[in-house]
Amino acid sequence: MIFNLLLAAGRRTLPALLVWGFAMGLNSVALAESIRVLTEEFPPYNFTQQNKISGFSTEVVQAVLKEIKVEGDFQSMPWARAYETAQSRPNTLIYSIARTASREKLFKWVGVIAPTDYFLFSLSGRDINMAKLDEARKYQIGTVNEDVGEQFLVANGFVKGRDLQSSVKYELNYEKLKLGRIDLWIMPELTAYDLVRRAGDDPGKVLAKAFQVPGLGSEGYYMAFGLKTPDAIVDQFRAGLNRIKSNGTFDALKTKWF
11 MIFNLLLAAG
21 RRTLPALLVW
31 GFAMGLNSVA
41 LAESIRVLTE
51 EFPPYNFTQQ
61 NKISGFSTEV
71 VQAVLKEIKV
81 EGDFQSMPWA
91 RAYETAQSRP
101 NTLIYSIART
111 ASREKLFKWV
121 GVIAPTDYFL
131 FSLSGRDINM
141 AKLDEARKYQ
151 IGTVNEDVGE
161 QFLVANGFVK
171 GRDLQSSVKY
181 ELNYEKLKLG
191 RIDLWIMPEL
201 TAYDLVRRAG
211 DDPGKVLAKA
221 FQVPGLGSEG
231 YYMAFGLKTP
241 DAIVDQFRAG
251 LNRIKSNGTF
261 DALKTKWF
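Just add 10 to wherever you are in the sequence shown, counting from 1, and you've got my numbering.
Keep in mind the hints are simulated off the structure, nothing from the lab.
In the EDC-like style, the derived pairs of lysine to aspartate or glutamate whose C-alpha atoms are separated by at most 20 angstroms in a straight line are:
1. 255 - 245
2. 255 - 69
3. 115 - 156
4. 115 - 241
5. 238 - 83
6. 118 - 43
7. 219 - 127
8. 219 - 199
9. 148 - 173
10. 219 - 193
11. 215 - 181
12. 148 - 193
13. 179 - 156
14. 266 - 199
15. 264 - 204
16. 79 - 245
17. 62 - 204
18. 186 - 211
19. 264 - 69
20. 219 - 204
21. 188 - 173
22. 215 - 137
23. 215 - 204
24. 76 - 245
25. 79 - 241
26. 115 - 229
27. 186 - 204
28. 148 - 137
As the structure is a prediction and not an experimental result, all values here were calculated from the model.
Make the full structure from the sequences, and use the hints.
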């Protein structure tokens, strides 16, 4: 009789214990587990320098990790691989990523970490000026595989292999532009100028803004997680980002880099 009463009590409390145990485990993951952090070579936001990943966006992410006391395992890789990995693996953060309609439901968005504006650049002296995007269809445009610029153009009817020449590295497209293999280069202004300087050229003399791409990246770059990452972790990072923006850390990094 006593055994049956204890068994019945155990049955009643077991669901509660399971819920409590799951919540404690999730909280432990959110507070203690190392996060895999993925990005690409995309200066001045994120780039490898002396075997370490640096850049403005990188330092913002590092500041958030420090604020919330979470370790981050940073890796730089081709964008298409980082993009797919962040979606398929839990507890994997990706930055600097533009938030677009086609990406909206693929990620859990933490918040904006860097400013940006996208342009279609041509070489100075080519005299390419456009009033609307459709006018770019008669030109060859350099893109990067699965980059937001490429995704944007494909969504607007441009075709890879016909209108778009896709590469795996941004600097390859600048080389193509100089060699005349492409006519236009879709890039955010800061990154285009940085890559041109790294190539030993003066962006003010070499590049011309043929067209400012409306609505692309105008909010800025984000940090985000794939859908398999628990909301508790996403909320933790969001709170950390908000704190470094309110305590002056974010503004200090902007002043340092820009």
